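Protein chains in written order, with our numbering: chain Z, 1060 to 1168; chain Y, 119 to 268.
It is possible that some hints are incorrect.
As the list claims (entries may be wrong) - To give an idea of the chain Y side of the interface with chain Z (calculated C-beta under 7 Å), a few residues: (1) P190; (2) A211; (3) G219; (4) A220; (5) P228; (6) L246; (7) Q256; (8) L260; (9) L261.
Derived by calculation from the structure, the hints in this document are not laboratory data. None of the values given here were measured: they were computed from a predicted structure. C-beta atoms are modelled at their ideal positions from N, C-alpha and C, and glycine is treated no differently.
Each chain is listed here by its residues.
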Amino acid sequence: MRSFQDQIGRFDALGVRVLAVSVDRPEINQEHRRKLGLTYSLLSDANAETIKRYDLLHAGAGQNGADIARPGEFLVDSSGTIRWVNLTESFAVRLRPEQALRAAQELSR
Amino acid sequence: MARRYNISLWAGFVLIVAAFVLFPTLFVRFPATRDFPWASLLMFAAGLAIVARGLIRAYREPAACRGKVSGPILMTLGVAITGMFCFGFFHLARQIPASTGAPRIGQRAPDFTLPDQDGLPVTLSELLEPPAGAPAHQNGVLLIFYRGFW
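Looking at chain Z on its own, in the form it has when it is part of the complex (with noise of 0.2 Å):
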């Protein structure tokens, strides 16, 4: 997450606006926003609504076996058609900013 927030000047040159979601309640997400010095805005989705939506629910991963998000990253353009998904297969493996940096150079050609 932070290795987005180094790059954010990159995304908004792009015009592209960057939002992460997770189950974590606004007050959490306020500490750790403040904590890790993230400028872009972190989305609480608690009953996991929108995250199934995206069929992104890890069913039981959370503490005490609560329901959580999967890693996965979407990149939306201005009419709302999703141009770009990253749906990593190992959480080993996660995105970095430049691959979705390329895809966001993309949009605006």
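Once you have looked at the hints, place chain Y on chain Z.
Just chain Y now, with coordinates in the frame of chain Z:
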């Protein structure tokens, strides 16, 4: 004649432990050593080879070299630690739902309204196509779903 300490056994074992500890503490920070753990696997392989060398020496020259008891123990532990790492990386880390129903390229992104860190509602469609009079809209939105910190 006092028998020599079997340095290979311990050096190799320390290397194996270091490989196990360094992945979550150091290698995980760099995509090059995280996405595929070549650095860790190399350290495990080297560590096991060095322990094996010490083990062979302990049995070939039992009069000159220690390690007939500690050797098999360290070798077994070394193999177990290596196995745990491989199980974790190649099996546990891949226990992720397939998400075959996730929206695909070309489809519309399901709209949502969710509270941000200040409790203020954020609506995807409004960011992309703001009502008349609102500031110029975005070229796009990058949605990052993450596991959270709880």
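Okay, the hints, checked on the actual structure:
With 7 Å as the threshold, the beta carbon of P190(Y) stays out of range of chain Z, its nearest partner Cβ sitting at about 32 Å, so the hint is violated. The closest approach between the C-beta of A211(Y) and any C-beta of chain Z is roughly 4 Å, which is under the 7 Å cut-off, so the hint is satisfied. A least Cβ separation of about 4 Å between G219(Y) and chain Z falls short of the 7 Å threshold, and the interface hint therefore holds. Taken as an interface hint, A220(Y) checks out: its beta carbon lies about 4 Å from the nearest beta carbon of chain Z, inside 7 Å.
Interface restraint check for P228(Y): the shortest CB-CB distance to chain Z comes to about 4 Å, inside 7 Å, so the restraint holds. A cut of 7 Å between beta carbons decides the hint on L246(Y): the least distance to chain Z is about 5 Å, and the hint holds. Using the Cβ-Cβ criterion of 7 Å, the hint placing Q256(Y) at the interface with chain Z is satisfied: the shortest such distance is roughly 5 Å. For L260(Y), the interface hint holds, the least distance from its beta-carbon to any beta-carbon of chain Z being 5 Å, beneath 7 Å.
Interface restraint check for L261(Y): the shortest CB-CB distance to chain Z comes to about 4 Å, inside 7 Å, so the restraint holds.
Taken one by one, the earlier hints fail for this structure only at number 1.
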